[in-house]
Amino acid sequence: MRLQYPTNVEIIRVPCTGRVDIIHLLKALEDGADGVYVAGCEEGDCHYLTGNLKARKRVVYVQKVLEDLGVEKERVAMYNLSAAQGPRFVEIAKEFTAIVTALGPSPFKKHRAKAA
Amino acid sequence: MIIAERKPIEEILAMVQDFKKILVVGCKGCVTVCNAGGVKEVGILASILRLAREKEDNPLTVDEHTLERQCDPEYIDQLDGLMSGYDAVLSMACSIGPQYIAARFPEARVFPALNTCFMGGALEHGVWAEFCQACGDCKIHLFGGLCPIARCSKSLLNGPCGGSSGGKCEIHKEVDCVWHLIVEKLMAQGKLDQLLEIRPLKDWSSSRDGGPRKIVREDLKI
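Protein chains in written order, with our numbering: chain A, 13 to 128; chain B, 729 to 950.
It is worth saying that the hints were derived from the structure and are not from the lab. The C-beta atom is built at its ideal place from N, Cα and C for all residues, glycine as well. None of the hints are false.
Okay, the calculated beta carbon distance ranges per label pair: (1) E733(B) - D57(A): 32 to 38 Å; (2) E739(B) - E55(A): 34 to 40 Å; (3) G895(B) - A96(A): 45 to 51 Å; (4) M915(B) - Q97(A): 55 to 61 Å; (5) T113(A) - P940(B): 56 to 62 Å; (6) Q97(A) - E738(B): 36 to 42 Å.
The following block holds chain A by itself, in its conformation from the complex (with noise of 0.2 Å):
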C-alpha cells in the first residue's frame, strides 16, 4: 500500500504474537526503547487460539512493572488489528508514537545518556 508511518517504530515480527514474553517487552525497554507496543491479531481471531490473550497478559502483567517502578504504565501497550488492515498499522503506529513522544524519552536512559 505503500502507506507511510513514522521511522522511529522497529518492528520484530514473530508468528503469533502469543511469543512475545514479558522478557522480551523489559529488554526493549532496557535496550532503550521508549515505548514498546504489541500489535496482535484481533481477539478471537488468532490462528492459535490464545496466543493474542496471552500477549494482552504479559502486557499487562508489564505495565504493573512500570507502575511498581513509578514509571508511565502507558510506555507499554497492546493493539489488536487484522493482517490485512494496513491503514490501522499505520494509525496505531502514529498513534503509539504520539503517545510516548508526549512522555518524553525513557527514564530508563538516564545513565546511559549521561555517559554518552
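Following the hints, put chain B in place on chain A, whose structure we already have.
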C-alpha cells in the same frame, strides 16, 4: 511441591540498594514449576532490577545463573568459582536455597528473593493451592482422600464446625470447607459411617510442634 512467590519488587530493591554487582541464582525445582524462581523468572527479575536502578541513575550489574536445585549440597558446590566479585547473591529458590548458599559460602551476603508459602499443587495453569502442612502423620485415607489438617482452617479432625456455610469456610467466601467436601465424598462412596469413629487428639509431635525435624535413612548413608 513447595509453592513460593516472588517478594514485592520494592522489598528486593531495598535489599540490594547498597550493592553494585549481584548474582541472581534460580532453581529448576519446585519454584520453576510454580513459576516463581526458574530460569525465566531469574531473567525477569534481573531485568526489572536493572531497569529500576537505571532509573535511579545508580546502575546495578545483575548476573544470572540457575542451579538444578538449591537443596542438595552438591548442587550448591556448582557455584564454587562463580561467586567471586559479587556484593550479594539473591536466591530465587524456596528458603532452603538461600540457607544452603549462606552455609556453603559464609563470606557471601545472601538474600531471599522469594517468600516460601506452602506445600501444594496446581488447580489450573497459574493457580496453586495449599494441600499439605507436613504434619508428619498422614491420615487422608480416613477422610476420603482429603486433608483436614491442611485444608481446614482450624485443622479439625471431627467434622465441620459451625462456620461451615454453603460449602464454604467462614474465613473467606472463596475457601471451601474441606469438611463439607469430606462428608460429600464419603456419602458418594457410601462410607459415611467412617466418620462415626471419633478421631482422638492428634499427636502433633511428628509435626513442627516437636521442633525442627530430621529424617535419617541409615541404609542410604555412605
